[in-house]
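S.K.: Using the sequences and the hints, build the whole thing.
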Amino acid sequence: MATLTEAPPPLSPTAPEKKPPRRRGRFTPYWLLLPGILWLLVFFALPMIYQASTSVQTGSLETGYKVTWHFATYWDALADYWPQFLRSILYAGAATILCLVLGYPLAYLIAFRAGRWRNLIMVLVIAPFFTSFLIRTLAWKTILADGGPVVGALNSLHVLDVTSWLGWTTGDRVLATPLAVVCGLTYNFLPFMILPLYTSLERIDGRLHEAAGDLYAKPVTTFRKVTFPLSMPGVVSGTLLTFIPAAGDYVNAELLGSTDTRMIGNVIQTQFLRILDYPTAAALSFILMAAILLMVTFYIRKSGTEDLV
Amino acid sequence: MITVTNKNTETGGDVRLSGISKTYDNGFTAVQPLDLTVPQGSFFALLGASGCGKTTTLRMIAGLEEPTTGTVHLGDQEVTRLPPYKRPVNTVFQSYALFPHLDIFENVAFGLRRRGIKSVKKQVEDMLELVQLGEQARKKPHQLSGGQQQRVAVARALINTPKVLLLDEPLGALDLKLRRQMQLELKRIQTEVGITFVHVTHDQEEAMTMADTVAVMNAGRVEQLGSPTDLYENPNTTFVANFLGTSNLIEAEVDSRSGGEIVLKAGGGKLVLPEARYAGPTTTGGKVLVGVRPEKIALTHADEAGEIPVGRNRITGKIADSSFIGVSTQYVIDSPVCPEFEVYAQNIDRDDRLVPGAEVVLHWNPAHTFGLDADQDIDAGIQEEATV
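Going down the list, the sequences are from chains A and B. Per the numbering used here, the very first residue in the first sequence carries number 17; after that it's consecutive. Per the numbering used here, the very first residue in the second sequence carries number 2; after that it's consecutive.
Honestly, the hints are just simulated from the structure, not real lab data. Incorrect hints may have been included.
In the BS3-like style, the derived pairs of lysine-lysine whose C-alpha atoms are separated by at most 25 Å in a straight line are [said to hold, decoys possible]: (1) A:K241 with B:K122; (2) B:K87 with A:K234; (3) A:K241 with B:K271.
M.R.: Written out as structure tokens, the structure reads:
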């Protein structure tokens, strides 16, 4: 008896067995990486090695510098310039907090309330980048000029009395004081805070707000328990993008500050370009880098953002 | 065991909507003035195609949308102007809206904590037990499957023992098999806790499976409200007839009336319609839409037309298409009175002659015939269902 145990044969004969074709594009990812790696190598790794070697050299401009593994440069640099280090961290920290306080409400507004104005506000946030960093900082010099309208207003409101008492300003001057430097830093780095904040806020599903409200959370509680925790990735990247460049900045202290507000960036700049003490400058750069790396690692660990979706 | 009980008494959980409507700023009216009462403890479904206003109605009960006119009462309490966080109502959101940064336990505990309840552990654990997720308490929502997330959403809302639980297309994101399972699960939970459920869905089968009462909505209005059987057997409008299951609608003309029956002319033949199943005017010569459900119809080959008992409504036609789907065979019949007459025949005794091209007689018990006002669009509700 013929029983049907096989499916009927396919209509066309199967093609003869072929070797599977060699998977093409296996190396594509590496080719794509190549330009980036080359760039990093030439403009980051090599200068780093060069600077590292510079930092352990001794000598003078006349006799030339030689690698003598003179690590004492590091200790000397730290001993001589620790106040500037501390000041950098303090100013950068203050500017970062100010950026967060100013930037968060704006980012929140753009993400949830701006409606059709969203794009316009975004353009306004980025607009300052159309002029040079230097020009913008110089403009603050005019804004905070002695006897100018801003200083006059602050003076008549007795704000300067308070800030002078706190040591942020001196007398009826704002320019050439810590306040001016921190203001400059805040202004210049504010967009770097707003953009990541906006990105992470914008990603939050609006229905989560509704769900929180539905589950008896008042608007304030919804913010505290849902919105803010979910915006943590933005807060972390925003503070890093603000703090790191602010700590190494020297333009604001140079243009808006005085000799009493010198930050570590100013010291490095002077060492490199005026005093021409390359080893000290290189050592200072490395200390700054290490300090920032350490603080950032600690901060990321603390904020626990790796746990966020 | 399950310790979730409903502390609301008698009318405490009635939802009363009076003259409620919603018109958006752009002038679009999502919900026309609507009166609706959902009795305490019932499982109520708002059924309709997308854009019919069912979700807007639900959101007005939740307080997520402010009505343009009308009032919302929960029991004796007017809540029309109350913000959502002050209403004794909880919602299971479409796609769940679980808090991604909180684990399952904290998601479920969220509502209790907001109301200042300190010792939530026991309650949360019991609730997770009820939805069979006890093991998953410390996982984050994204680590769960769709069905599990759905149950967390239900647990998170139910734990607050709301007066009313609102479900906004809660099963829409699940695959078919899981959806069937969750339908029964939700029904079980509802019976167990006795809380009023208001369920929004576009899936007529889902609404009929789960709800005690279904309100069919169309273009911001409730077309008809009733039990699933009632809606299916006695649709009031062509929209309901076509949206809930399939209906064959025939345009006919009143011929005469006698003894509780209306005799109608359709094509060359006569059809009988019980008077009780038609609410419209019956002047002789007036137009009526005659409806019959596909599963009520028997199919006989034209050669044996003589064997059909007398007194049955009958129509002749030719089989245009047939598809065998296991329990039944679905035929499309080309008939002079209705171009695409659908018939579902149980596969008990299959007649091999019933293949496309065969001449057949369709016949059914006149009691299964319903009548609709002929002033309506005969195709209303068909497109919407096809896109689901």
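S.K.: Against the earlier hints, flag every one the structure doesn't satisfy and list their numbers going up.
M.R.: Violated hint (a single one): 3; every other hint is consistent with the structure.
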